[in-house]
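Participant: Spelled out from the first residue to the last, the chains are:
2 protein chains.
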Amino acid sequence: MQTQQIQVLQSGTITSPKGFLAGATYAGLKTFHEEKLDLGVLYSESPCVVAGMFTTNRIIAAPLVLNKEHLQKRPSAQALIANSGCANACVGPQGLADAKEMASLAAKKLSLKPEDVMVASTGIIGVELPMALIRRGVQRIEMSKDNGHLLARAIMTTDRRPKEAGVSLEVDGKVVAIGGVSKGAGMIHPNMATMLGFLTTDAAVEPAFLHQALKEAVDDSYNMITVDGDTSTNDMALIFANGQAGNRPLTATSKDAEAFRKALLTVCIRLAKEIARDGEGSDKIIQVTVEGAASGEEARQAARTIAGSTLVKTAVHGNDPNWGRVVAALGRSGVRVEDTKLSLYINEICTMDGGMPIAFYKDAAVQSMKEPEIFIRVSLGLGVHKAVAWGCDMTEEYVRFNSEYTT
Amino acid sequence: MQTQQIQVLQSGTITSPKGFLAGATYAGLKTFHEEKLDLGVLYSESPCVVAGMFTTNRIIAAPLVLNKEHLQKRPSAQALIANSGCANACVGPQGLADAKEMASLAAKKLSLKPEDVMVASTGIIGVELPMALIRRGVQRIEMSKDNGHLLARAIMTTDRRPKEAGVSLEVDGKVVAIGGVSKGAGMIHPNMATMLGFLTTDAAVEPAFLHQALKEAVDDSYNMITVDGDTSTNDMALIFANGQAGNRPLTATSKDAEAFRKALLTVCIRLAKEIARDGEGSDKIIQVTVEGAASGEEARQAARTIAGSTLVKTAVHGNDPNWGRVVAALGRSGVRVEDTKLSLYINEICTMDGGMPIAFYKDAAVQSMKEPEIFIRVSLGLGVHKAVAWGCDMTEEYVRFNSEYTT
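Heads up: the protein sequence lines correspond to chains A and B, in order. Following the numbering used here, the numbering of the first sequence begins with 1 at its first residue and continues without gaps. Following the numbering used here, the numbering of the second sequence begins with 1 at its first residue and continues without gaps.
It is worth saying that the hints were derived from the structure and are not from the lab. Virtual Cβ for every residue (Gly too), placed ideally from N, Cα, C. One or more hints might be untrue.
[Claimed, not checked] Where chain A lies over chain B, by a calculated footprint (3+ residues, C-beta under 8 Å):
(1) 88 to 100
(2) 316 to 322
[As the list claims (entries may be wrong)] Within a straight-line C-alpha distance of at most 35 Å, the following computed DSBU-like cross-link-like pairs (lysine-lysine) qualify:
(3) 73(B) x 341(A)
(4) 362(B) x 100(A)
(5) 100(A) x 113(A)
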């Protein structure tokens with residue numbers, strides 16, 4: 001199956017796949033943001049196979065502890081409750097008690113068991129969840145097919161825009177959809193940054209393949225974005241597959257497994273790029289391609305290091321084709337480099353070839369960098385491996401914002 | 001021997017030890033800085049044992065290639081020539097030819113052989129050294145015992161202040177001195193950041209011990225500072241020991257070996273802290289102590305990660321005791337952490353104890369953070385290992401500066 005058969009859905013979101021409803025309300029947790037939704041629920045009309053990926057941070061917020069335990073026991077659930085404003089992290093044993101109560105509150109509302117509900121929180125670290133507000137808030141939430149957009153807004157923290165995406169494709173002769181929402185604008189770095197990604201599909205998918213497909217998609221999307229180098233205690237990606245499309249359950253050897261993988265990756269990349277584009281204070285998204293690497297991991301490592309370099313980010317902010325900073329970041333990334341084989345392009349203007357600087361027309365390069373999307377391409381000339389990472393520029397606004405706001 | 005016998009020298013600098021002369025001039029390379037010295041020479045009246053530490057960046061500037069080859073052949077030299085304004089990095093084969101010519105120019109001036117001269121450059125990457133200016137400039141340099149201060153200024157790039165230090169101590173019954181100068185304000189990160197450190201001593205020191213003592217001192221000083229996470233192609237630390245104090249050559253088993261080690265570390269820490277304090281756009285130095293770590297390397301790793309966290313740096317800029325960001329940075333540093341054993345102090349105000357948040361008096365903590373030196377202490381409760389790292393706050397000025405200036 002070809003990727004061109006993957007259709008991007010207009011206004012695609014987490015409730016685009018069949019059988020998913022969502023809702024959200026303002027419980028009173030998010031006191032610092034003009035967006036006044038802060039508590040949301042996702043519900044599937046039928047049980048779902050579920051897979052999850054979690055932060056690599058050694059300090060892990062309570063909801064993640066609960067979800068990881070859950071998925072170790074059984075890879076299924078039917079709902080999700082998520083709040084913004086408070087991360088439910090670093091608050092001792094009360095954290096897990098509160099996460100469990102959030103699951104119970106959603107279960108009661110939806111006539112499910114608590115063990116059918118996944119939980120997520122994002123916001124300030126080190127203060128307890130105001131459960132009294134959450135108890136009242138849950139009751140007000142109205143579930144609807146149209147409310148995926150509200151859930152996208154309810155998980156925003158410092159995000160300027162909600163992040164939603166959806167695609168459809170054919171699997172086993174049936175039309176299936178994959179949709180999702182994300183949040184994240186700061187504390188964003190490879191390996192599950194302060195990032196929530198919730199995905200749904202109406203495809204029927206075997207648990208092992210769903211986990212594998214999610215891991216691969218996350219590795220090439222969410223794990224390839226960086227805003228400020230800081231990962232969080234609360235990052236996670238979850239996918240719910242309810243099987244309502246009626247296909248035979250997908251496994252790794254299904255004819256359409258590859259199409260499903262690509263479609264899931266498409267949704268994840270769209271959501272991840274929206275996070276990079278919405279980086280706190282940023283004006284521009286930076287796409288870094290590293291090709292010709294000696295290994296896939298080195299390509300990834302180099303691309304992420306360049307995309308995350310403070311000096312590259314500030315140069316992009318200033319429309320400065322300062323390729324020396326790209327080379328310095330590449331050099332410290334730890335990957336194998338032979339300087340005589342190294343070439344470098346900024347917006348496809350060659351600035352270094354075979355290790356030698358090229359006398360490029362700087363004014364034109366500066367002009368090209370005024371676009372909202374900047375492309376940096378590094379060719380290592382050592383092998384066939386390639387990777388793409390996304391970051392954003394760093395602005396005075398980023399510093400102002402993070403100096404004034406207690407995350 | 002006790003450390004209290006180490007005396008800090010008033011106005012100590014690279015020419016404080018006996019037999020060292022220095023000089024500097026404006027050759028015309030440094031076009032962007034009000035400090036108009038950009039070419040300097042260090043000379044010892046007698047041959048020196050020399051040791052060096054070099055950047056871990058995979059892209060290495062030509063002077064470092066030359067010096068590394070030099071020290072592999074023989075650990076001795078008698079002079080150093082250094083320029084700022086141009087890094088002599090990423091310019092192909094011409095780089096090594098120019099570095100060799102710089103050594104020859106200094107050798108001719110000082111009646112030495114080219115192989116008696118070490119070479120250093122710092123500044124913009126990717127443009128060739130204007131050798132015509134350097135040829136003329138070298139001739140103008142006047143060598144003097146008093147001109148260590150000029151050499152300190154000649155290696156400045158974005159530095160706001162020259163960085164100099166010196167101590168004296170007794171070795172083998174003789175008074176010996178150790179002095180040094182450094183530069184560096186941006187592209188500063190552990191493992192030899194954009195940093196030059198030149199050290200001298202009139203102690204007689206065996207080559208193997210000099211190398212070992214330098215490595216240890218650099219590991220606990222220059223390698224524990226971070227400004228912006230970017231390491232450079234040009235970082236190095238060199239020490240010249242000319243033996244004019246008349247002591248029997250120091251080895252690792254000498255009675256005063258430990259005193260020499262401590263004195264060298266004292267000089268290196270003073271210079272390294274000046275680099276952190278002078279971080280581009282920064283107002284404050286941040287000292288991060290990690291104690292109770294399960295291993296020494298983990299203590300170092302955790303301290304450096306916290307000191308380098310963009311979110312910690314912006315919080316310090318805003319006088320915000322946002323300890324959640326410290327915990328998040330600690331968690332992603334990769335070191336072993338048990339959250340129930342974790343305690344955290346900001347300016348010795350406890351904000352977390354045994355993994356539980358403490359309801360501290362926030363206004364007082366904010367007030368304490370208005371000082372120019374901020375202390376963050378993390379106690380892991382897992383072992384006996386400890387490390388200290390230094391960083392600086394991140395300001396709007398940092399972004400403005402690095403958006404406008406081609407390094």
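Participant: Tell me, which hint numbers fail for this structure?
Facilitator: none
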